[in-house]
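1 is the number of the first residue of the sequence shown in UniProt numbering; add one for each residue after it.
Source of the hints: derived by calculation from the structure; they are not laboratory data.
Mixed in with the good hints there might be a few duds.
[To be verified] No farther apart than 20 Å at their CA atoms in a straight line, the calculated lysine-lysine pairs in the PhoX-like style are these:
#, residue 1, residue 2
1, K202, K113
2, K358, K395
3, K322, K296
4, K322, K354
5, K321, K202
6, K225, K141
7, K322, K279
8, K206, K251
9, K296, K225
10, K251, K279
11, K354, K296
12, K278, K321
13, K354, K393
14, K296, K247
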Amino acid sequence: MPDKPQEQNHIPTSKVQRASKFIGTGAKVGGNYIKHYAKKMVNPSLSKDELHASNAEDIYASLSELKGSALKVAQMMSMDKNVLPGAYQDKFMMAQYSAPPLSYPLVVRNFQKSFGATPEMLFDTFTTSAVNAASIGQVHKATKDGKVFAVKVQYPGVADSVSSDLRMVRPFAYRLLNMNARELDHYMEEVEGKLLEETDYKLEVKRSEEISQACSHIPNLNFPKYYPALSSEKIITMDWLEGVHLKEWLKTNPSQEARNKIGQALWEFYHHQVHNLKKVHADPHPGNFIIQDGVKLAVIDFGCVKVIPEYFYHGYFSLLKKDVLLNDAELDRLFREQEFISDQDTAAEQVYFKTVFKEMISLLGKPFHTTEFDFADDAYFTQLYALGDRVSKDKMFRNSRQARGSRHGLFINRTYFGLYSILNQLRAHIQTTIPDWFK
Numbered sequence: 001m002p003d004k005p006q007e008q009n010h011i012p013t014s015k016v017q018r019a020s021k022f023i024g025t026g027a028k029v030g031g032n033y034i035k036h037y038a039k040k041m042v043n044p045s046l047s048k049d050e051l052h053a054s055n056a057e058d059i060y061a062s063l064s065e066l067k068g069s070a071l072k073v074a075q076m077m078s079m080d081k082n083v084l085p086g087a088y089q090d091k092f093m094m095a096q097y098s099a100p101p102l103s104y105p106l107v108v109r110n111f112q113k114s115f116g117a118t119p120e121m122l123f124d125t126f127t128t129s130a131v132n133a134a135s136i137g138q139v140h141k142a143t144k145d146g147k148v149f150a151v152k153v154q155y156p157g158v159a160d161s162v163s164s165d166l167r168m169v170r171p172f173a174y175r176l177l178n179m180n181a182r183e184l185d186h187y188m189e190e191v192e193g194k195l196l197e198e199t200d201y202k203l204e205v206k207r208s209e210e211i212s213q214a215c216s217h218i219p220n221l222n223f224p225k226y227y228p229a230l231s232s233e234k235i236i237t238m239d240w241l242e243g244v245h246l247k248e249w250l251k252t253n254p255s256q257e258a259r260n261k262i263g264q265a266l267w268e269f270y271h272h273q274v275h276n277l278k279k280v281h282a283d284p285h286p287g288n289f290i291i292q293d294g295v296k297l298a299v300i301d302f303g304c305v306k307v308i309p310e311y312f313y314h315g316y317f318s319l320l321k322k323d324v325l326l327n328d329a330e331l332d333r334l335f336r337e338q339e340f341i342s343d344q345d346t347a348a349e350q351v352y353f354k355t356v357f358k359e360m361i362s363l364l365g366k367p368f369h370t371t372e373f374d375f376a377d378d379a380y381f382t383q384l385y386a387l388g389d390r391v392s393k394d395k396m397f398r399n400s401r402q403a404r405g406s407r408h409g410l411f412i413n414r415t416y417f418g419l420y421s422i423l424n425q426l427r428a429h430i431q432t433t434i435p436d437w438f439k
């Protein structure tokens, strides 16, 4: 069993402190490369496995100490296969719900700023150690009047450091999002806006209540109740829900029926949000869900929510309709509307990008082109990852003079990639419900 992460008594909050931490980590990584190439001179057959493991350890240790947007980027990286070597992916995955927690005195200080009271004054019991710790905040277990609560406490300085952190993790973002500099500039406002929203816990409580209520009719899906009177801009109090994370649940070797049941609940949850509510839980990583007894899926975090503009919704999902790919005139109109091509493109560029995006859309849209889909089909995912890898390395794509795709598509794309990835881990075979207008 892995050792419990050591608690932090201090988080660097000033720009100078955080920048110094990044610079120091860069020096460590540089030293690791020097050691690697020195060893390689003696042993030319030496692989980069040890180098990747050392770099992953040093980078994760630094980001974990910084927390906030820096650690959030690591968490996002862990969701994307083939973005980074396995050593990085395995280490960064810890950011989902097993980051080093904040020490209790700093938690008390946060409560005093928010409520003018300590946790012990507001609750009958309150765990001094966090039960889960992620990139933006950590969770403590509490009781009051016989009820059990999960209390999420935000790390100090997270909101104030979003902009400066994004500038410092920019090199990671190039790889994470498979973007060139022009594309990253195009999407940066969207990324920064979503990260800032994640630090607004009052907004999270509001959206959590709205979406939970709107999705309460979906079978095999549970949500905690939220308590605004015991919440603030930096603290959220909700019901404590018993259950285990996906990774632990899968280790119990659940039946195919159980896997399908959880997968179907997940699909219906996202279907209703996207196509009916036009707002969606846009951070579908396993740490935001737990599996409960009775084969129920519980959604425990709504920090990242994307509101989908009506005009973007219709254009984006019209592209996924199977027959659209057969209609060149309609496809050309939608590609321009979604900013995949433009009048600035040469004839050769238009042909290239139309071809690439047709291939991508055809592949991504497969689950929408049938009444059921087997997400255990590894051949499909191998094809999907191979296409993404090939496109990201293509010179025409990387040297593009403009960004490709509406900024609204950034988190919608990530939502569906995350959804597909979880369904693949579940090996779920599901009924792929689609909106009536899409048929």
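Tested hints:
A threshold of 20 Å between alpha carbons decides the hint, and for K202 with K113 the separation of about 15 Å falls inside it, so the pair holds. Of the pairs offered as hints, the one joining K358 and K395 holds, with about 18 Å between alpha carbons and a cut-off of 20 Å not exceeded. Only pairs whose Cα atoms come within 20 Å are accepted, and K322 paired with K296 is rejected, the gap being roughly 33 Å. With a CA separation close to 16 Å, the supplied pair K322 and K354 stays within the 20 Å bound.
Proximity of K321 to K202 is assessed by CA-CA distance (about 38 Å); at most 20 Å being required, the pair is judged violated. Pair hint K225 plus K141 holds up; C-alpha atoms about 15 Å apart against a cutoff of 20 Å. About 24 Å separates the Cα atoms of K322 and K279, which puts this hinted pair outside 20 Å; it is violated. A hinted pair counts as satisfied when its Cα atoms are at most 20 Å apart, and K206 with K251 does not qualify at roughly 35 Å.
A distance of roughly 16 Å separates the Cα atoms of K296 and K225; the hinted pair therefore holds under the 20 Å criterion. Among the hinted pairs, K251 with K279 is inconsistent with the structure: their alpha-carbon atoms are about 33 Å apart, more than 20 Å. Restraint check: the Cα-Cα separation between K354 and K296 comes to about 42 Å, which exceeds 20 Å; the hinted pair is violated. The suggested pairing of K278 with K321 holds, with an alpha-carbon distance near 18 Å, which does not exceed 20 Å.
For the suggested pair K354 and K393, the alpha carbons sit about 17 Å apart, so the restraint of at most 20 Å is met. For the given pair, K296 sits about 15 Å from K247 by alpha-carbon distance, which is consistent with the 20 Å threshold.
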